[in-house]
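Visitor: Sequence:
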Amino acid sequence: MSRWLFGLLLPFACAAHAGQVQVAVASNFAGPMARIAADFAAATGHTAKLTAGATGKFYAQIVAGAPFEVLIAADDETPKRLLDEGLAVPGTGFTYALGTLVLWSAQPGFVDSRGAVLESGRFRHLAVANPKVAPYGRAAQQVLAARGLAQALRPRLVTGESIAQAYQFVVTGNAELGFVALSQVAVPGRPAAGSYWQVPPSLYGEIRQDAVLLARGRQNPAATALLAHLKSEAARRVIREHGYGP
Numbered sequence: 690m691s692r693w694l695f696g697l698l699l700p701f702a703c704a705a706h707a708g709q710v711q712v713a714v715a716s717n718f719a720g721p722m723a724r725i726a727a728d729f730a731a732a733t734g735h736t737a738k739l740t741a742g743a744t745g746k747f748y749a750q751i752v753a754g755a756p757f758e759v760l761i762a763a764d765d766e767t768p769k770r771l772l773d774e775g776l777a778v779p780g781t782g783f784t785y786a787l788g789t790l791v792l793w794s795a796q797p798g799f800v801d802s803r804g805a806v807l808e809s810g811r812f813r814h815l816a817v818a819n820p821k822v823a824p825y826g827r828a829a830q831q832v833l834a835a836r837g838l839a840q841a842l843r844p845r846l847v848t849g850e851s852i853a854q855a856y857q858f859v860v861t862g863n864a865e866l867g868f869v870a871l872s873q874v875a876v877p878g879r880p881a882a883g884s885y886w887q888v889p890p891s892l893y894g895e896i897r898q899d900a901v902l903l904a905r906g907r908q909n910p911a912a913t914a915l916l917a918h919l920k921s922e923a924a925r926r927v928i929r930e931h932g933y934g935p
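Under the working numbering, read the sequence shown as residues 690 to 935, first letter to last.
Please note that a few of the clues may not be correct.
[As the list claims (entries may be wrong)] Once the Cα atoms are required to be at most 25 Å apart in a straight line, the calculated DSS-like pairs of lysine-lysine come out as: (1) Lys769 x Lys738; (2) Lys920 x Lys769; (3) Lys920 x Lys738; (4) Lys746 x Lys821; (5) Lys746 x Lys769; (6) Lys821 x Lys769.
[What the hints assert, rightly or not] Cβ-Cβ distance ranges computed for the label pairs, FRET-style: (7) Ala839 x Asn863: 39 to 47 Å; (8) Gln908 x Pro844: 49 to 57 Å; (9) Gly780 x Ala805: 41 to 49 Å.
No wet-lab data here; the hints were simulated from the structure. Cβ atoms here follow ideal geometry from the backbone N, Cα and C, with glycine treated the same way.
Whole structure, please, built from the sequences with the hints as guidance.
Guide: As C-alpha cells, this is what we get:
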C-alpha cells in the first residue's frame, strides 16, 4: 500500500475503532472536564459523554445499576467505597486534583479578603451544597464550624443538591453569597466575576478528588483511554489553570 493511500485511509480506520464512554463527573469539575473531553476526542477519536452531578447521588445511581463506566468524583471516599463493593475495577483509582473552596458573591466588593462578611450580618442567605452528598458542602460546614458560626448561620443556609446548584443560587440572586469551588469563579481567560475569599486550607479537610474505572467500563477501551488521558500533561495543565492543586 502506498504511503499516500495509507494516509488517506488512516482517519477512517481510527474512526472505525473509536468508541464512547459514559462518564459521571462531579459538578465542580464539569467545566474543566468539558475541555479535557474535547482534547481527548481530538487525540483519540473516542467520545466522552459527560453527566455532571453530586458525587453522593452518583454513588446511589451506580449501586442501582446506572450505565456509567467512569466516575470522576469530588472526593476520594466514594471511589474507594465502590472499589470495596466490587463496583469499580481494582488498581484503577487515582487522585486527579485537589479542590479549593471559596466564599463567593456575584456582587463586586461584597466578599472581603478574610471572609469577615460571614460575621457581618449583611446578607440574608448563604448557599451551600448538600453536605450529605457533596464534599464541597461538607467542607463549607467545616469552615462555619471553625469560625464558630455553624449555629448562628443555620437559618440563613440555602442548600443545593450539588455545588453547581449552590453556584446557581448565587448567580440568580437567591443567595447573596455562597461556598463554591474556585474552578467555578476563576475561569481561565476571563476575570473572576463578583468577589470571593479563597478559604485557607487549614479551615477544612483536604478535598482530594479521585477518578476510577467502574465495573461497567472494564471491557471498554474508550474508558481506559480516558483515564490515561486524565493523567496526561495536557489534562494536568487544564486542571491547574482552573485553580486545582496537583
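Visitor: What are the numbers of the hints the structure violates, in ascending order?
Guide: When the structure is compared with the hints, only number 7 turns out to be violated.
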